[in-house]
Amino acid sequence: MIIGALLGEGWSAMVANRMRTLLTMLGMVFGVGAVIMMLAIGQGAQMLVNDSIASMGSNLFIILSGSTSAGGIRQGSGTVPTLTLADAQAIGELPDIAAVAPNLFNTAQLIYASNNWSTQVSGTTPAVMEVRDMQVISGACFTDSDVRAATRVMLMGQTVVRNLFGDENPVGKMVRVKNSPFMVLGVLAAKGQSLDGRDQDDTVLIPITTAQRQLFGNQFPGMVRMILVKAKSAEVMAKAEQSMNELLNTRHRIHVGQENDFSVRNLTAVAQAAASTTEAMSTMLGAIASVSLLVGGIGIMNIMLVSVTERTREIGIRMAIGAKNRDILLQFLFEAVMISLAGSFIGAVLGVACAYFYSQFNDTLVVVTLSSVLLAFGVATAVGVFFGFYPAGKAANLKPIEALRYQ
Amino acid sequence: MIRPLICVTGLYKQYLANVPVLKDINFTIEGGEFVAIMGHSGSGKSTLMNILGCLDTATAGHYYLEDRDTATLNSDELALLRNNLIGFVFQGFNLLPRSSLLDNIALPLLYAGKSKAARRAKALEMLGRVGLAELGERLPNQLSGGQQQRVAIARALVTDPKLILADEPTGNLDTQTSEDIMKIFETMNAERKITIILVTHEPDIATHAKRLIRVKDGQIDSDKPT
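Protein chains in written order, with this note's numbering: chain A, 27 to 433; chain B, 1071 to 1296.
Treat the hints as calculated values from the structure; they're not laboratory data.
Accuracy of the hints is not assured; some may be wrong.
[What the hints assert, rightly or not] In the BS3-like style, the derived pairs of lysine-lysine whose C-alpha atoms are separated by at most 25 Å in a straight line are:
id : chain 1 : residue 1 : chain 2 : residue 2
1  : B       : K1093     : B       : K1253
2  : A       : K425      : B       : K1294
3  : B       : K1093     : A       : K425
[Claimed, not checked] Negatives, chain B to chain A, calculated, CB over 10 Å:
id : residue
4  : N1088
5  : A1141
6  : A1149
7  : N1153
8  : R1168
9  : P1178
10 : Q1217
[Said to hold, decoys possible] Label pairs and their computed distance ranges (CB to CB):
id : chain 1 : residue 1 : chain 2 : residue 2 : range
11 : B       : D1094     : A       : L48       : 54 to 62 Å
12 : A       : R44       : B       : Q1212     : 34 to 42 Å
13 : A       : N328      : B       : K1093     : 44 to 52 Å
14 : B       : E1100     : A       : L48       : 35 to 43 Å
15 : A       : L320      : B       : A1087     : 19 to 27 Å
16 : B       : K1093     : A       : R44       : 47 to 55 Å
17 : A       : N328      : B       : E1147     : 33 to 41 Å
Don't be surprised by glycine CBs; every beta carbon is placed ideally from N, CA and C.
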């Protein structure tokens, strides 16, 4: 039988029992709507996590100095100034390392004209751009010669720019930090929130030597609070971690069995754990929503069985004038799939609309992807075919004379 | 020698074991005949009609339609036979209630795989031939019984079949309308040489046919010209 005629038959059957068709479709509407909405919420959460991972930089290690212990009271990591610029340089010469950025940071008050703002001031080297995947959107980055000369220049995060300068262009302006004037060389591209919710744009970067010698005192020359390290690829992370441990053990003269005075942490592994948790959550949400699709499918099967029984005589007439079993099968299968698809369409529209309103009122990132909509449609079609097949087969296998005699 | 259109030999039909509805039926019908089958209710005439229309199968014996042994055909082949060789006219009209008259008439052509334009053109022609040309978009329940039966006849004729099987076609109609319907059958038979087999229990109706087969208790009681 011809597709156009099948569509026409399906449509007239749907229209003939409007209320029943609508109620049957409702199952698919809710099923598809729920799947799309849940996937949107799940994918939104996943995208947030992925964004924070990307903003952190990839294949990233952080090396912190170890803890002190005074009279049995142990302090936290980073309380002993054991890491130095020389350590950072040595790590940079290891084979699997792409870039190294030492870091000495503290909170300081910044003053520009009548505005002031307290923020984290990080002393580092230009390599931090590569390590943390950062970019300068206006002005320029400081250079290695700024680091050598300990010049008073800074790169400013967006949040600091907003609070000190408002709409003014900060590049080339002078900002006072602890009574020293610093020139703003450039503005950093926005990075948004980190995984733990910190604002990564509320920061300024200055040359590490400037931080060491001029801003945060120099009780321990060359000391840094931490070293950020980027490995060349994800595959060499384990090897890089081992070689850094060995190198620092040698340099710090730590013997076997003695406690390290530093710790190497793989930040990417932590981030990936967070990512896989979110992914599991979004898969689970989708799976729960699919149950309603299943229930919708059973509703379709139920109504199609009623419809086949009701129309037994019609089936008999069709067979008498020459319909083959296949023609009857296709007719009822088409009807089931059409109900399913119509329900899916309404469900998809509702799902997208609900996801939109949800994101408007909840300040949550909700992402509707084409693939999730297509997935919902594909599953709905499959549900229509699967649950339509039994009733359609039942119709097609009727004996012509029995169907014709049915009252 | 020209083979007969219908040849029935030693036909048996039973629904329950040892209670035959049809017993050893033998007859032949040539192309172009107009045959009436009469009998009391329960005589087996409707069962015989259903077997002739390939809607039901015999328990034993053979039914050859245009030399094909229908017992050896599968359900698709039987559907094909019904579609292009046989036209049915029922007592209860059996039109699809939700479809317009034109769609009803065109339905056999749909199963024959004809294009939409061809189906519509042919259905319009047939509707005109039964005198209802201007009612094409109406639904069956907006018509009188006589008009519905004319539509059913148009549907039976739309594939240009060789054989029309009419099961009590006038059973639900008044005398005057019945006469009109029978005139259509007579014209079809006379002008287009279509073979007509008519089941009825009204002697008046049977007189329109040229040959009368009486069935009694599942057997042929008499077979003679009217």
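Hints and how they fare:
1. K1093(B) to K1253(B): Not OK: K1093(B) and K1253(B) at ~33 Å, beyond 25 Å, violated.
2. K425(A) to K1294(B): Given pair K425(A), K1294(B) is violated - Cα atoms ~34 Å apart, limit 25 Å.
3. K1093(B) to K425(A): 23 Å, holds
4. N1088: With a cut-off of 10 Å, N1088(B) remains clear of chain A, as the shortest Cβ separation is near 21 Å.
5. A1141: 15 Å, holds
6. A1149: A1149(B) not clear of chain A: closest Cβ-Cβ about 4 Å, inside 10 Å.
7. N1153: 3 Å, violated
8. R1168: 5 Å, violated
9. P1178: Per Cβ check, P1178(B) is inside 10 Å of chain A; nearest 4 Å; violated.
10. Q1217: The assertion about Q1217(B) holds, with a minimum of 18 Å to chain A.
11. D1094(B) to L48(A): 54 to 62 Å: Given about 57 Å between the Cβ atoms, the range holds.
12. R44(A) to Q1212(B): 34 to 42 Å: 20 Å, violated
13. N328(A) to K1093(B): 44 to 52 Å: Holds, since N328(A) and K1093(B) (Cβ atoms, about 45 Å apart) stay within the stated range.
14. E1100(B) to L48(A): 35 to 43 Å: At 56 Å between Cβs, range violated.
15. L320(A) to A1087(B): 19 to 27 Å: Cβ of L320(A) to Cβ of A1087(B): about 46 Å, so the range 19 to 27 Å is violated.
16. K1093(B) to R44(A): 47 to 55 Å: With Cβ atoms ~51 Å apart, the hint holds.
17. N328(A) to E1147(B): 33 to 41 Å: Given a distance of about 34 Å, which is inside 33 to 41 Å, the answer is holds.
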